[in-house]
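Residues per chain are reported as follows:
Number of protein chains: 2
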Amino acid sequence: MSPSMKLYSHAVAPNPRRVRIFAAEKGIELVLEDVDILAGQNRTPEFLAKNSSGGVPVLELDDGSCLSESVAICRYLEGLYPELNLLGRDLREQAEIERWNRRMELELFAAIGRTVQHTSSIFQGRFKQFPEYGETQRALVYQRLERMGRELVGHEFVASDRFTIADITALVAIDIGGRLADIKIPPELTHLIHWHETVSTRPSAAA
Amino acid sequence: MSPSMKLYSHAVAPNPRRVRIFAAEKGIELVLEDVDILAGQNRTPEFLAKNSSGGVPVLELDDGSCLSESVAICRYLEGLYPELNLLGRDLREQAEIERWNRRMELELFAAIGRTVQHTSSIFQGRFKQFPEYGETQRALVYQRLERMGRELVGHEFVASDRFTIADITALVAIDIGGRLADIKIPPELTHLIHWHETVSTRPSAAA
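In order, the protein sequences belong to chains A and B. The letter at position 175 of the first sequence is residue 175 when you use my numbering, and the numbering goes up by one with no holes. The letter at position 180 of the second sequence is residue 180 when you use my numbering, and the numbering goes up by one with no holes.
The set of hints was computed from the structure by calculation and includes no laboratory data.
Where chains are identical, the list cannot tell them apart; a pair therefore holds if satisfied intra-copy or between any two copies.
Calculated cross-link-like contacts (lysine to any residue; reagent style SDA-like; alpha-carbon spacing at most 20 Å): (1) K128 x Q117; (2) K128 x Q143; (3) K50 x L152; (4) K6 x A207; (5) K50 x Q94; (6) K26 x R92; (7) K50 x S160.
If we strip away everything but chain A, and leave its shape as in the complex, we get (with noise of 0.2 Å):
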């Protein structure tokens, strides 16, 4: 890979940190440039040219052109370096850590995103918030942990007998909850609390 590719990013936002992690797992640098999204300068024409919904992350590939969304650029990186295998070696193994990272991505992060945007002070003015939605979005997440816990019981990760892109989702998603929405890991689900401590002592839970 040419030291050029870029990745543009931004340090707290959960999904450029899925691509991160992902890639340091990989042991692949890539080049960050952060985007300062609560500044909007991820509205400019610049970067809507890069990315017409404005989102983080963008991978800047050597011939100039752009790809976004997380999961897709994921797959792009695995294309290209395929260890450490992190989507899967043989089609059934691919298809159960796709639909396994989709688990924690539309029910765990998205409901977690939602709390996030309706309760936490940060988007105070960005957008119209309806708190009391917000609390039914963080009583389905604790619904969703418990459930998680359930099934992490007798497994060391979400999605297989090893760390997948699954655990990267699921990571992302509860630390931001943590960070904005104070969603804490109930402590009697013990499963759950070891499964985040063992993920959380990866060194590319620091990227």
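Position chain B against the provided structure of chain A, taking the given hints into account.
Same frame as chain A, but now just chain B:
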């Protein structure tokens, strides 16, 4: 493929339709078994053993194991039946199609889903609806349809110069929004209207 490959499905729900269209484009015949989700048939212990989230669709494989999450099922079918290609031929195209499929899913489909959940009588009494929040999501849907219309200028399809999974996701999203939340493509979005007519007249759309 064994003719015993079964898809747990639902006639109206959009995610099973995604997989049915995907399979129809490939000429794969699935044995459909309807799950009455409105009557809670997906919450029985038998069904939860197939998919602990209770969602449909679920693909039951020849070995009796089950795969859930529509896009994971699609990826598995693509691996077994590479043609008609719907997920991309090379790595760069695969990443780009995944990018657009996620855009259609996370921005359009999800916003339509929240509009339906919070404004449609079909969900009344099933959980607490926030109609005012639902209307903000409806407004978001129309913003995203408008952007989608702009992005289709000069493009016949959403992600590529040919029909892909991203078109399927957008089609099922828009159609369920029309059916349950009175979402209509504004007539001035001529490129989007044309796209919708094109994809709706493919035989697979009836699947």
